[in-house]
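These protein sequence lines are chains G and E, in that order.
Number 295 in my numbering belongs to position 295 of the first sequence; there are no gaps in the numbering.
Number 267 in my numbering belongs to position 267 of the second sequence; there are no gaps in the numbering.
Don't read these hints as lab results, they were simulated from the structure.
Nothing here was measured: the structure is a model prediction, and the numbers come from that model.
You may find that some hints are simply not true.
FRET-style restraints, in silico, Cβ to Cβ [unchecked claim]:
{"hint": "1", "chain 1": "G", "residue 1": "E121", "chain 2": "E", "residue 2": "T411", "range": "26 to 36 Å"}
{"hint": "2", "chain 1": "G", "residue 1": "K225", "chain 2": "E", "residue 2": "L391", "range": "48 to 58 Å"}
{"hint": "3", "chain 1": "E", "residue 1": "F53", "chain 2": "G", "residue 2": "E117", "range": "36 to 46 Å"}
{"hint": "4", "chain 1": "E", "residue 1": "L130", "chain 2": "G", "residue 2": "E237", "range": "26 to 36 Å"}
{"hint": "5", "chain 1": "G", "residue 1": "D145", "chain 2": "E", "residue 2": "L470", "range": "49 to 59 Å"}
{"hint": "6", "chain 1": "E", "residue 1": "N459", "chain 2": "G", "residue 2": "E117", "range": "28 to 38 Å"}
Glycine residues also receive a C-beta, built at the ideal position from the N, C-alpha and C atoms.
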Amino acid sequence: MKRWITLIGFLVIILTVTACSGKDEKATGSSGDWTPEKPIEIIAPAGAGGGWDTTARMAAKVFTEEGLIDQDIGVVNKPGGGGAVGWAYIAGKQKSSYNLFVSSPPIVLIPLNGQSEYGHEDFTPLANMIADYAAFAVSADAKWDNLNDLFEDMKKDPASITVVGASSPGSMDHIQFIQIAKAAGVDVTKIKYVSDQEGGGLTQVLNGSADVYSTGVAETVEQVKAGKIKVLGVSSEERLEGEVIEDFPTANEQGIDATFVNWRGFFGPPDMDDAAVKYYEEKFKELSDSQAFADIREQYGWDEMYMDSKSYKAFLDEQKEEIQSLLDELGLSK
Amino acid sequence: MDSIEGIITGFQVAFSMQGLLFVLIGVFVGTFIGMLPGLGPISAIAVMIPVTFGMEPTVALVMMAGVYYGAVFGGSTSSILLNAPGISGTVATAFDGYPMAQQGKAGKALAIAATSSFVGGTVSVILLMLLAPILSSVAVSFGPPAYFALMFMGLTLITSLSEGSTIKALISAVIGFMVVTIGIDAQTGTQRFTFGNVNLLEGLDFLVIALGLFALAEVCTLIINRKDLSMDNAHKLGSLKITKQEFKEMRGPMSRQSILGFLLGVLPGAGATIASFIAYITEKRIAKSPEAFGKGSVKGLAAPETANNAATSGAFVPLLSLGIPGSGTTAVMLGAFLVLGVQPGPLLMTDRPEIFWGIIASMYIGNVFLLILNLPLIPYIAKILKIPRPLLISLVIMFSIIGVYAISFNTFDLYMLLLFGVIGFFMRLFSFPAPPLILAFILGGMMEQAFRQSLTISNGSLMIFVQDPLALTLLIIALLSLAFPLIQQIRRSKRA
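Chain G with its partners taken away, still in its complex shape (with noise of 0.2 Å):
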């Protein structure tokens, strides 16, 4: 009996400790100018590697390196749910000021899956700074040139076609090739979407499971080099500049009108202070206008795209309403 009650004992010792850890500091809010007084955590709501990794990751460097920032920045990977548990967190850091996130088209996708409880409005926009852009490509023998033959056999015979994708449908590998498709007239409704989360989308276009990958630019360029596959087209305004992507022909060009952005920028948490998000706005614009990350830019292939707070508010809500129409037609929307 007495080893039963230093079993329970040592059950309650370890409940305690973890009960107790982690509860966050005070807000503090004040008006005027403000500067940081303590280090800065950014959140990636993602694991090691991945885009919004990267981005915040590049930014708190350029940061520290170019002096732009005096105080320290962490950054913090909080993967799951495709974002939603590093939104949840932020959302309890409530009028904060030390507490940021880096995020893209999921924050607006994700909520209106019913998969997050907290999308854009929930948090402060803090300033966007790049773009990327989706890119649609096929095995290098596959009998698809461009995206108007592929979507000819599409409305043809839905079925016959696969698209994969990283991440789950109503989510942005799924609607980004959606969205161009239905501009080309394909009955949506009928695409067939498989989900890769494993990172295999690559392997099945190699090994001919699957038809279509539909991924971010920068994820095609060494295979297209290495002549394996081709991009059917992107999803930017305008063709892209630099080496092996100024081929990749947009959907634009293609006769398709409608393009797909994946923005990225920076958020903070409910109710952040003026004065803080005034701060930041104008840290991000120097940070956006330096070389250091010009430079860093052009290693990813990113574009440049700031937008201040209030600018990027008024576009994050017009994204909702054209993604929020789209996922009513497919019977997404929750």
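Fit chain E to the supplied structure of chain G, relying on the hints for placement.
Relative to chain G, chain E alone:
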């Protein structure tokens, strides 16, 4: 002929002063972090990424590769000594390694693990060097139907993972299947069994379950059975020496599992975990005395340790030659490449031969370093066991908590760890084996996704599994492996 030139360049890189130094640093850091319970290659690589800023890419990547396989090498230590696997690839190591340590043969167990890790690591690097250019096509040859068949084959082996009641093993496995369905379903985006809790959206992490079922459950058992502590066997280090007889026993598993482990490592998604489980089970199946497995068998320890290190080299094939990360760990590794401005992919071998071949060549040296580092250290490492039990138990709990917290800095995971500790404890109390649960958890998720991807592709027709030659072959093997024990039984009963 290009390859030969490349290999020579590679060895030049690896044998340069800088190369040697950073391989040494890499494997040292890797093996050290890997030894800590709960921390594995992902933590090790993540810790080292900032160190590489500003370094010359070739040297930096040679070091990072060292961190990776060094962590897998060191990962066996906590499995053997504490029953607290730091990474999924060393769960199977604990099956026989921990009993061996409890029998007072901790030194020997560590020596066997180090030797078979070395053999697995080295043989697979030879395969990697010879076959990397060809194998990239193998790595992409598996479509969803073939993956489903591979996972299914793995599943048919579940019951041989445990002694005693088959029914209890199957119940364990079913719990594993149920647990893995928690989270957002990838194919529909629907939440399953999350109860509206955001912390469950991503599902449960493997480490939470492994550390709960193994490390915490072990700790609970130790506390309950305090009487056993007086039996001092577990404090003993024992001789390090592997006898001739034991070496003979190791030879078979080492040679077979080096190759099998490597091949499974090449497949994205399979990796060290599945390789080590399959190694353990196949060796148990073909062993003359399978009943020794799980009770400190030399073969049962050598097999998974060879396979997980061999699979680690194998995982470099899709990473280097295709730019496809086959696992969470290689995804972080890919991140390390990109930070340094190196894009792995089909062109790496021709564009940056010094990096491609430099990494491969450095792995020979790294494995030798690891053996030299690890063998003399064994007596010191094994001293952990001399730490007074109450202190050691607290340390295991602390490291398990750190390891789990480091996954996503989320306190919710700690409650889950605790929950699985309690579940694991009761499973032991009523002798339900934990390994089938773990294996079902690992295979179940991928199997379900592959099954549903296949059906989407085929518009719902099951024929896709028969039409795909790879899938068909694997399914036939799976059925044979199911039928084999039955046939054996029938034969035996006829004889009797």
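Hints versus structure:
no.	hint	verdict
1	E121/G with T411/E: 26 to 36 Å	holds, 27 Å
2	K225/G with L391/E: 48 to 58 Å	holds, 57 Å
3	F53/E with E117/G: 36 to 46 Å	holds, 38 Å
4	L130/E with E237/G: 26 to 36 Å	violated, 48 Å
5	D145/G with L470/E: 49 to 59 Å	violated, 30 Å
6	N459/E with E117/G: 28 to 38 Å	holds, 35 Å
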